[in-house]
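> Chains as they are written, first to last, in this note's numbering: chain A, 1 to 224; chain B, 1 to 477.
Any given hint might turn out to be false.
Partial chain A-side listing against chain B, Cβ under 8 Å, derived [unchecked claim]: (1) D4; (2) I12; (3) S15; (4) P40; (5) V70; (6) T136; (7) V149; (8) G170; (9) I194; (10) D202; (11) A211.
Just so you know, these hints were derived from the structure itself, not from any lab.
Nothing here was measured: the structure is a model prediction, and the numbers come from that model.
Backbone N, C-alpha and C define an ideal beta-carbon position, used for all residues, glycine too.
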Amino acid sequence: MSSDRSQILNGIRRSLQRGELSGAARQAVESRLATPPRGPSVARAQLPQAEKVALFCQWAETLNATVARVGSAEVPGEVTAYLMRNNLPASVAMAPSPLLEGYDWSSQQMLSIRRGRGEGSDQVSVTGAFAGIAETGTVVMASGPDHPVSLNLLPDTHVVVLREADIVGGYEDVWGRLRARYGKDRMPRTVNTITGPSRTGDIEQAMELGAHGPRRMHILVVHE
Amino acid sequence: MESTAHAFKTNVDHALADPNLQDSLAKLKVGFSERRRQAAERLPEFEALRDRARDIKNHTLANLDFYLEEFERKVIGLGGHVHWAPTAADARRIIAELCQSVGARTVAKSKSMVAEEIALNEHLEALGIAPIETDLGEYIIQLRNEPPSHIIAPAVHLTKDQVADTFLEHHSKLGFDKRLTERNDLVAEARYVLRQKFLDADVGLTGANFLVAETGSSMLVTNEGNADLSNTLPKMHIVLASIEKVIPTLEDAAVLLRVLARSATGQESSAYTTLNTGPKRAEDLDGPSQYHVVLLDNGRSGVLGTEMQDILRCIRCGACMNHCPVYGAVGGHAYGWVYPGPMGAVLTPQLVGVEEASNLPNASTFCGRCESVCPVRIPLPKLMRHWREREFEKHLTPRGVRQGLALWSFLARRPALYRGLTSIANRVLALFGRADGRYSALPLAGGWTRFRDFPAPQPGGTFHAQWKGKEGKRKRA
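Model the full assembly from the supplied sequences, consistent with the hints where possible.
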């Protein structure tokens, strides 16, 4: 209700002993919003590209993901090989994305592929990634017709295909890329930043993987 | 939930005598705090980020109305809805009406302390809507009908064996009739049971760690992925957040995220950090068709501009309780309401009244560890002291304490008399106990000596006398 709204906003203004922001004070916050200042720069997010890729892989593995560095021609073969190595079914739910369609899946005759959103019964999903964050080994997923969110969450195993060129230093670089892709204040419905498999420490503070989301995350870091 | 903060002292007696709780708390003392220390050491910029995090929150609070309106504008622009709730009752009513508007029978809930604050579950249950807690810790305590004992680890007071018993009791009707002994089996069973509940839920309800004004996004930080299932599978997503959760921009979020996970669990990053912005787009393959944000005030706007304002910077990481010797001895339930530990000792009197919660700000030795680890540098001991002052001013302090304080302040303002009396007391005490070095009983100090010995004065006179002597020597030298 609008009266509830004004009750809260007026309460805030009363406590701050001022009216609605106006004049120079308003301009100052509007300009801070329009050109967001960055926080203290984090040295490990400011490396040359090759070192960023290496740092990404190092953190991802430290935080319980597995990483395979492959050429683009090797992507479909590595997916099949990963499934075999881990005794997983040769059947995947795949994001219907142009990036993934760019690989030659027909070479994997044993692999059965269903394209679409995630279902409760899916064992393995294969998705692309909008970006990777070197600072913490994090993959970033932007929702859209080419990337249903459910694929990030429902399967037991999540295979992520990430191009080296999409690995950036820190969160701020991801925000820049999101603004460039979607517009300054447009965002996709969901941006998931995911660091390793799902986990919980809720029983005696001991970490267990696979709480609700995937218990395994395998990242293919692809050089062109 | 009903506050039992007034019964803090009785709660403490029970907590100290509970062996399971004491086992769990012993693990807490070494776990979280050591991991936080290591994580902070791995990031050289950590202290600078804490300063910036404090500044961001202060800037936001000084312009809170502006950022809330901006946030609202962005949410509406993307097809979402914003609801303003001045009180807990307003928030309960709004959420219940939203659930009823889609004929909801079950609500998949992701852990939200604000939902605990407004006692949402009880309200929904009374209306025939079943709230399902999906965070593992919250799920365990929901089955046990207990409140959370920690803001990020709600079941931290329980042992694995207690969880095993609880699951056996509640899951046997679902066909799980074997008592589990391994943690990973317990996690797997909860995953299986809850997965179906996610798929069946009509509404997903989450809290928010931050609301980003720039984009109209709600930001959620979790490790399990339950919040993300809650905001993706059901047809309606409701975000319940208190007004001080808003921050200006994504750049500000980056700063706060860097200090949040490290302060909370000592992780470099939580497994899932998610930005939700509006409902499912036309071309999306999944996601809720309705997106609602409920903004709760519940007294917070009245804290702005007061000496307590700093508590509104809190980002709910739990570091203060992880490092608190009092929390470490008695656990979260003793505090009697939703928010335990030092941040709870400051916030609870604000939200339920100092009359009800006056014991909490007194449950501190003022050792200062909480302030020293707080990622947004809230001066928690100072704020607790403000509450003690207000308690004193309102004449809520027990009579014995008031008389003692009056006597002490009378003496403290008369230094000569003070020195004379303490010197006599020192000598009298020494007569009776110096040989043993301690007293196992002392008149007027039974509260102390019932649990531990009182040290006897050491030779050399009072502190004042010794200090004077030392100063004299230094001057001569």
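> Under the criterion of a CB-CB separation shorter than 8 Å, is V70/A in contact with chain B as hinted?
Nearest chain B Cβ about 24 Å off; hint violated.
> I194/A was flagged as interface toward chain B. Is the shortest Cβ-Cβ separation under 8 Å?
This interface hint holds because 6 Å falls under the 8 Å limit.
> Against chain B, is D202/A within 8 Å by beta-carbon distance?
4 Å, holds
> With a cut-off of 8 Å on the beta carbons, see whether A211/A makes it to chain B.
Hint on A211/A: holds, closest Cβ of chain B at ~4 Å, below 8 Å.
> Does the nearest C-beta of chain B fall within a distance shorter than 8 Å of the C-beta of V149/A?
With a closest approach of 5 Å, the V149/A hint holds.
> Would the hint on D4/A be counted as holding, given a Cβ-Cβ threshold of 8 Å to chain B?
Result: holds, 4 Å to nearest chain B Cβ.
> Does the closest beta carbon of chain B sit nearer than 8 Å to the beta carbon of T136/A?
4 Å, holds
> Using Cβ atoms only, decide whether I12/A comes closer than 8 Å to chain B, and label the hint accordingly.
It holds, given that the least Cβ distance between I12/A and chain B is near 5 Å, below 8 Å.
> Regarding the hint that P40/A lies at the interface with chain B, is the smallest CB-CB distance below 8 Å?
4 Å, holds
> Does the closest beta carbon of chain B sit nearer than 8 Å to the beta carbon of G170/A?
7 Å, holds
> Regarding the hint that S15/A lies at the interface with chain B, is the smallest CB-CB distance below 8 Å?
4 Å, holds
The structure fails to meet hint 5 from the earlier list, while all remaining hints are met.
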